[in-house]
Amino acid sequence: MPELAGESLFASAQFFSLTLYTIGFFSFPIHVFGGFCILFQTPESMRSVKWTVFNLHFWSSCLDLTVSLLTQPYLLKSTWSGIPYGILYKFGVPLSLQSYMVSTLFCLVAVSIITIFENRYYLIFAEHTWWRHARYPFLATNYILAILYYLPTVLSVPEQSSAREIIFKEFPEFRALDTPSNPVYVLVLDNPWVSVRQIAMEATVVIETLIIVFLLKRKMKNVVKEMTMSESTARLQRAFLKALYIQVSLPLLVILIPSAISVFSGILGISTQSVNNLVYITFSCHGLTSTIVMLFIQNPYREFCLGMVGIKNRRPRKATVSGISVRSSTQVTTF
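Taking my numbering, the leading residue of the sequence shown gets 2, the next gets one more, and so forth.
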């Protein structure tokens, strides 16, 4: 495996690949166990969120394993180019398909987060409103756009021989990584529309999520005042929403913090291959973090895990509510 001359251990392709393989093989059984808990340990009182939670878990796990085991995109600093070292490269899977898989899975994770909060809003507040019909085209559009978002980038990949020469002219040290069996792959070369589409996609996800979360928070405050939901039921719904916020927010920090470091280091002109590698290594832990947080913060899964090792949960058992409309009768169960 060729290496960059004069770079540290953290910048090496061998360190990058070995670390990702380690993370992937460690996280795979945890992802499977998390899926098992959602499918078979979710109580009846949480049935309304079972499939949306599993949907997020499935796509997050696929993204993690795709980055850590299947593709391992060794991205070269300050460029839209890189070299794959994952399992798919060894089986000759086209690099355009590998890059499409990673980007599309990232979009599907984002849409799955929107779906979870939309599901909560619909079941609690909008089951008997116009949103009952509008939500289906809204969700379908999100998933279709997630699947189509990266196609223009893949279909406009530049001619590789000339694109590599342009990259090597600006960064001659990358030529050492280029081999006939695994050449440097240039995804984008002087195409500003790629950045425009990326900004538009990220802005859409953020705006949709913030709107739904804002509506949830505002309506949760109003239902008690309007006497359409009891204080105890509202408190339980807020507690469940808080758990969802934590389950989604902590893994996002795993992505945002290293990504911010990478962006600002590039702006300040101190971007290094080591920082680039650490960003993607941390990124590959996103789904693992999400699964562990879910198992810890959701009471039924936590009790099941503690029971497996013979530890009883000493926390008082709390009542919880199935996510139902404020216009329907309140069903309360304990778990």
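Any given hint could be a false lead.
[Said to hold, decoys possible] With a Cα cut of at most 27 angstroms, we get these calculated BS3-like pairs of lysine-lysine:
id : residue 1 : residue 2
1  : LYS170    : LYS51
2  : LYS222    : LYS243
3  : LYS91     : LYS218
4  : LYS313    : LYS243
5  : LYS91     : LYS243
6  : LYS51     : LYS91
7  : LYS220    : LYS51
8  : LYS243    : LYS220
9  : LYS51     : LYS313
Worth flagging that the hints you see were computed from the coordinates, not collected in a lab.
Now for the hints, and whether the structure bears them out:
Taken as a hint, the LYS170 and LYS51 pair is broken in the structure, with Cα atoms around 53 angstroms apart against an allowance of 27 angstroms. With a CA separation close to 14 angstroms, the supplied pair LYS222 and LYS243 stays within the 27 angstroms bound. Taking the CA atoms of LYS91 and LYS218, the gap is near 49 angstroms; set against the 27 angstroms cutoff, the hint is violated. A threshold of 27 angstroms between alpha carbons decides the hint, and for LYS313 with LYS243 the separation of about 24 angstroms falls inside it, so the pair holds.
Restraint check for LYS91 and LYS243: not satisfied, since their Cα atoms lie roughly 43 angstroms apart, outside the 27 angstroms limit. At roughly 37 angstroms between alpha-carbon atoms, LYS51 and LYS91 are farther apart than 27 angstroms, so this suggested pair is violated. Straight-line distance between C-alpha atoms of LYS220 and LYS51 comes to about 23 angstroms, which keeps the hinted pair within the 27 angstroms bound. The hinted pair formed by LYS243 and LYS220 meets the criterion: a straight-line CA distance of about 15 angstroms does not exceed 27 angstroms.
For a cut-off of 27 angstroms, the pair hint linking LYS51 to LYS313 stands: about 24 angstroms separates their Cα positions.
In this structure, the hints that do not hold are numbers 1, 3, 5, 6, in rising order.
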